[in-house]
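Participant: The opening position of the sequence shown corresponds to residue 1 in my numbering, with each subsequent residue numbered one higher.
Derived by calculation from the structure, the hints in this document are not laboratory data. Glycine included, each C-beta is placed from N, C-alpha and C at the ideal position. Some clues are possibly wrong.
[Stated by the list, open to error] FRET-style restraints, in silico, Cβ to Cβ: (1) Glu319 <-> Arg157: 49 to 55 Å; (2) Asp196 <-> Ser313: 17 to 23 Å; (3) Ile123 <-> Asp360: 15 to 21 Å; (4) Gly283 <-> Glu319: 15 to 21 Å; (5) Phe220 <-> Asp274: 30 to 36 Å.
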Amino acid sequence: TGRYLGCLVAAAVVVDVELRGQQLHSWSCSPKTDFTGQSVMSSPVLLNLLRCSRFSMCRQSLFGLEASTQSGQAGGPLGLVGVRRASGSIRFGSDGSGQPVTWDSFGIWDNRIEEPILLPSSIRYGKPIPQISLSRVGSASVLGLRKQNEDRLRIARIHDTLLYFAVFDGHGGPHAADYCCTFMEKFIRDALEEEDDLEKVLKKAFLEADNALHTHLSYFNNDSVLRSGTTATVALLHDGIELVVASVGDSRAMLCRKGHANKLTKDHTPDRKDERKRIQEFGGFLSWNSVGQANVNGRLAMTRSIGDFHLKSSGVIAEPEMHRLSVQHANDSFLALTTDGINFLLSDQEICDVINQCQDPTEAAEIISQ
Numbered sequence: 001t002g003r004y005l006g007c008l009v010a011a012a013v014v015v016d017v018e019l020r021g022q023q024l025h026s027w028s029c030s031p032k033t034d035f036t037g038q039s040v041m042s043s044p045v046l047l048n049l050l051r052c053s054r055f056s057m058c059r060q061s062l063f064g065l066e067a068s069t070q071s072g073q074a075g076g077p078l079g080l081v082g083v084r085r086a087s088g089s090i091r092f093g094s095d096g097s098g099q100p101v102t103w104d105s106f107g108i109w110d111n112r113i114e115e116p117i118l119l120p121s122s123i124r125y126g127k128p129i130p131q132i133s134l135s136r137v138g139s140a141s142v143l144g145l146r147k148q149n150e151d152r153l154r155i156a157r158i159h160d161t162l163l164y165f166a167v168f169d170g171h172g173g174p175h176a177a178d179y180c181c182t183f184m185e186k187f188i189r190d191a192l193e194e195e196d197d198l199e200k201v202l203k204k205a206f207l208e209a210d211n212a213l214h215t216h217l218s219y220f221n222n223d224s225v226l227r228s229g230t231t232a233t234v235a236l237l238h239d240g241i242e243l244v245v246a247s248v249g250d251s252r253a254m255l256c257r258k259g260h261a262n263k264l265t266k267d268h269t270p271d272r273k274d275e276r277k278r279i280q281e282f283g284g285f286l287s288w289n290s291v292g293q294a295n296v297n298g299r300l301a302m303t304r305s306i307g308d309f310h311l312k313s314s315g316v317i318a319e320p321e322m323h324r325l326s327v328q329h330a331n332d333s334f335l336a337l338t339t340d341g342i343n344f345l346l347s348d349q350e351i352c353d354v355i356n357q358c359q360d361p362t363e364a365a366e367i368i369s370q
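Let the sequences and hints guide you as you build the complete structure.
Facilitator: Spelled out as structure tokens, the structure:
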């Protein structure tokens with residue numbers, strides 16, 4: 001879904017990586033400007049609007065409402081999201097209530113120190129590494145304005161030290177997203193039997209999923225089914241510290257670090273020069289729809305996907321781009337995987353701010369999916 005402007009189906013996976021909210025500087029709730037020059041909604045106002053309005057309010061309305069709210073103020077910010085003090089910090093909820101917290105020598109919230117520690121990993125890396133429980137992972141999917149929800153998500157523990165998170169945003173029917181949601185984990189497990197490098201594991205799993213999907217869809221003996229496809233954004237967390245993300249399409253992964261959104265994926269669209277070049281070298285062409293969105297051969301708004309077999313000869317590939325990093329548990333708050341229904345309405349920083357104000361990952365996933 002989401003190939004055309006306004007077709008909004010939202011899905012999100014939010015993973016709490018121990019220190020959600022951590023060392024926040026003073027954040028004003030007055031409107032700010034992001035790197036694009038656009039006004040950025042303050043998180044408490046944005047959170048309350050999302051809680052109340054669900055998906056009935058557009059992005060422009062959100063900015064306009066905050067501007068009108070600010071114009072009614074006597075001056076100064078609406079409040080503070082977080083305040084760092086010499087002796088500790090306070091985390092504030094959207095209602096203004098706060099809980100004082102202090103830091104131990106490891107930089108961990110003292111009210112979270114009872115969390116279990118991964119002892120082997122902590123010894124291996126020479127620092128305390130918390131055990132990430134699947135109970136601290138929230139997920140949600142909302143239909144929005146479409147008749148059919150083609151978004152799929154999956155959360156699993158592949159083995160004791162490896163967690164798996166994924167979102168798939170289907171198009172042309174749910175067949176491709178359904179298949180990947182069901183079998184991507186299997187392809188990862190199979191690849192792990194032959195390979196330790198997680199980047200190589202994910203690349204092999206994506207390509208195997210694409211090949212197996214073609215065989216699966218061929219049994220339908222229906223050309224329209226063979227034209228279905230899906231984005232795929234998959235994250236593997238190893239030893240509680242090694243994070244590897246692979247993606248095709250325009251679903252995203254973002255890590256909140258020190259309150260700032262760090263984008264871990266790049267959208268695969270014809271707007272990217274390198275992606276456009278490959279399409280043209282394969283003999284494909286681009287056309288633009290009425291809202292200025294570029295499409296491969298007039299059909300698909302992305303240049304990489306799993307499925308879309310009618311466009312393989314035009315350069316649409318299933319090979320994922322990767323991002324690998326080490327989680328900094330004293331600085332990183334959460335990992336969020338989102339589909340375009342969310343990314344169209346909210347910037348990465350707005351998603352980050354909203355999640356930081358939520359009580360737990362489940363609420364966060366539900367709020368940003370609305």
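Participant: Against each hint, give a clear statement of whether it holds in the structure.
Facilitator: Hints and how they fare:
no., hint, in the structure
1, Glu319 <-> Arg157: 49 to 55 Å, "violated, 27 Å"
2, Asp196 <-> Ser313: 17 to 23 Å, "violated, 34 Å"
3, Ile123 <-> Asp360: 15 to 21 Å, "violated, 30 Å"
4, Gly283 <-> Glu319: 15 to 21 Å, "holds, 18 Å"
5, Phe220 <-> Asp274: 30 to 36 Å, "holds, 34 Å"
Hints 1, 2, 3, counting from the list given before, are not met by this structure.
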